[in-house]
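*Asks:* On the provided structure of chain A, position chain B as indicated by the hints.
The primary structure of each chain is shown beneath.
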Amino acid sequence: MLPNTKNNIFSVEQVRKDFPILQRSIHSKALVYFDNGATTQKPQQVIDTLTQYYSFQNANIHRGVHSLSQEITTLYEAARVQVQKHLNAAHAHEIIFTQGTTDSINLVAYSYGKKYIKSGDEIMITTMEHHSNIIPWQQVCEDRGAVLKVIPVNAIGELDLEAFEQLLSQKTKIIAVTHVSNTLGTINPIKYIIEKAHQNNIPVLVDGAQATPHLKVDVADLNADFYCFSSHKMYGPTGVGILYGKEKWLEEMPPYQTGGGVIETVSFERTKFASLPLKFEAGTPHIAGGIGTATAIDYLNNLGMDAVARYENELLQYATIQLLAIEGVKIIGTASKKASVISFVVNGLHPYDIGMILDQQGVAVRTGHHCTQPLLEYFKVPGTVRVSFSFYNTKAEIDIFVLALNKALKMLL
Amino acid sequence: MSIEAAEKEIIESFNILGEDWEARYEFLIDLGKSLPLLPDSEKNDDQLIKGCQSRLWLKSTYDGQTVKFRADSDAIISKGIAAIVIKVLDNNTPDDIINAPLNFIHLTGLKEHLSPTRANGLVSLIKQIKLDALAFKSQKQVL
Numbered sequence: 000m001l002p003n004t005k006n007n008i009f010s011v012e013q014v015r016k017d018f019p020i021l022q023r024s025i026h027s028k029a030l031v032y033f034d035n036g037a038t039t040q041k042p043q044q045v046i047d048t049l050t051q052y053y054s055f056q057n058a059n060i061h062r063g064v065h066s067l068s069q070e071i072t073t074l075y076e077a078a079r080v081q082v083q084k085h086l087n088a089a090h091a092h093e094i095i096f097t098q099g100t101t102d103s104i105n106l107v108a109y110s111y112g113k114k115y116i117k118s119g120d121e122i123m124i125t126t127m128e129h130h131s132n133i134i135p136w137q138q139v140c141e142d143r144g145a146v147l148k149v150i151p152v153n154a155i156g157e158l159d160l161e162a163f164e165q166l167l168s169q170k171t172k173i174i175a176v177t178h179v180s181n182t183l184g185t186i187n188p189i190k191y192i193i194e195k196a197h198q199n200n201i202p203v204l205v206d207g208a209q210a211t212p213h214l215k216v217d218v219a220d221l222n223a224d225f226y227c228f229s230s231h232k233m234y235g236p237t238g239v240g241i242l243y244g245k246e247k248w249l250e251e252m253p254p255y256q257t258g259g260g261v262i263e264t265v266s267f268e269r270t271k272f273a274s275l276p277l278k279f280e281a282g283t284p285h286i287a288g289g290i291g292t293a294t295a296i297d298y299l300n301n302l303g304m305d306a307v308a309r310y311e312n313e314l315l316q317y318a319t320i321q322l323l324a325i326e327g328v329k330i331i332g333t334a335s336k337k338a339s340v341i342s343f344v345v346n347g348l349h350p351y352d353i354g355m356i357l358d359q360q361g362v363a364v365r366t367g368h369h370c371t372q373p374l375l376e377y378f379k380v381p382g383t384v385r386v387s388f389s390f391y392n393t394k395a396e397i398d399i400f401v402l403a404l405n406k407a408l409k410m411l412l
Numbered sequence: 000m001s002i003e004a005a006e007k008e009i010i011e012s013f014n015i016l017g018e019d020w021e022a023r024y025e026f027l028i029d030l031g032k033s034l035p036l037l038p039d040s041e042k043n044d045d046q047l048i049k050g051c052q053s054r055l056w057l058k059s060t061y062d063g064q065t066v067k068f069r070a071d072s073d074a075i076i077s078k079g080i081a082a083i084v085i086k087v088l089d090n091n092t093p094d095d096i097i098n099a100p101l102n103f104i105h106l107t108g109l110k111e112h113l114s115p116t117r118a119n120g121l122v123s124l125i126k127q128i129k130l131d132a133l134a135f136k137s138q139k140q141v142l
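Taken in sequence, the protein lines are chains A and B. Numbering that gives the first Met the number 0 puts the last residue of the first sequence at 412; the count rises by one with no breaks. Numbering that gives the first Met the number 0 puts the last residue of the second sequence at 142; the count rises by one with no breaks.
Isolated chain A, as found in the complex:
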């Protein structure tokens, strides 16, 4: 079950062997997968966990008295503890399994909004949020008569912290901010934002979808009130997300979805809801996904998050230098602290054209607005080409990408 390396500095060649998909070719060329920001590939260990579950362990959790159900319930709850430890959360019941980051954010927006947001209140987000961390809050504002306030970004793609402090007010009821920008790669000063917010008794929700694959996240150290992320962006299965919430909030918040699993007792007069975490986990969850997430976390911890971050930063620096050497390339987002994500545009060319020609050469990148339309509007570009690196990518792959990009530019210009 262990990945091929336990060293602090891992061997990329060894690591690549854990990911069967990296052996594939696309249009008869070796796949260069640089769309890790959309979803990461899965190591054999995670795939094996899913296969093992469906082959030999399948049963429903929290229900049966029979051995299979007991066995898988134990594994599923162990996965919850694994996530708790990975995040350094105080309690396992502060970890809620959801369908993904979007689902986690919707849960908090709905439930926290229902309990705490009133007419005239303010909800604060930032210009660089993914649509998933904009729309749920817009909906709450519409429903409750609250006002959405937006922290601006500066020209290099960092949050304007002075503006942030000016926006803080008695009316601010929650701040929702991304840890790492999916479009720009900017690593935001989350700890500072949380500290300032807490001085004003405002809780903070952090969208960690793009942070958890790249950085060691410690919710106790950050003192985050809510931290949301997706398993599939950090080498786990699709369809599983995590919501970490401080006990004091989750205890007070009403259920988001109701049905089987969330109850203690039900009569036609009233329902008494179960305690945490089950209160927020209606219906049969993605059991295989939950235990697969634990395997993905194991995998990452065996590589070492510090080693992952160091290596990915090397790739980021290398690719940045290579890209800037190409005439006409403009990198959107040049913050001093970045995760291994680069967005760029070239001489007025449409990102779609570049993406299509890169694909013909086996290079998978993301093109478009990356679900951050307000941010791209600020940078006055219709879209970007985005490359996002994982620890299984190599400098040799960056060289292939640069050659492919040069070819695309030659064809298009």
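Check each hint, because a few of them may be wrong.
Unchecked claim - Label-pair restraints from in silico Cβ distances: (1) A/Lys409 / B/Lys67: 33 to 41 angstroms; (2) B/Gly108 / A/Lys117: 54 to 62 angstroms; (3) A/Asn59 / B/Glu111: 39 to 47 angstroms.
In short, the hints are calculated from the structure, not lab data. The model shown is predicted, which means the values in this text are computed figures rather than measured ones. Every residue gets a Cβ at the ideal spot worked out from N, C-alpha and C, and that includes glycine.
*Replies:* Leaving out everything else, chain B in the frame of chain A:
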């Protein structure tokens, strides 16, 4: 030129290009660059065909006999694809346009652009062209 003859011409061009992706894309790019542009004043939301990534504008006009199309896109490959579709359907009667089976899309390998995730608007373009032709046809019947 009839739709059938225009389709045949396009299929032949693609056959000559063969399996070489570079040649095929260069062909699309050249066509895209050659497509008469729409002036900015005509690129309004009424003419916009919604694809996910590239924007594509289509302007259809009808003289009572045949329909004429002009198109533009902010992406060159999308423009190239639009140029091919227009080359096939331009200057034909609404009925011929509505009934055109458009086999050339499958026979030229353009079908890879039909996937909605490719989002170049080819599917929406064809749909809009046929809708416009239908509208012109009923307009004529009313007149």
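*Asks:* Against each hint, give a clear statement of whether it holds in the structure.
*Replies:* We went through each hint and held it up to the structure:
1. A/Lys409 / B/Lys67: 33 to 41 angstroms: Cβ of A/Lys409 to Cβ of B/Lys67: about 34 angstroms, so the range 33 to 41 angstroms holds.
2. B/Gly108 / A/Lys117: 54 to 62 angstroms: Since B/Gly108 and A/Lys117 have Cβ atoms about 58 angstroms apart, the given range 54 to 62 angstroms holds.
3. A/Asn59 / B/Glu111: 39 to 47 angstroms: Cβ of A/Asn59 to Cβ of B/Glu111: about 42 angstroms, so the range 39 to 47 angstroms holds.
No hint from the list above goes unmet by this structure.
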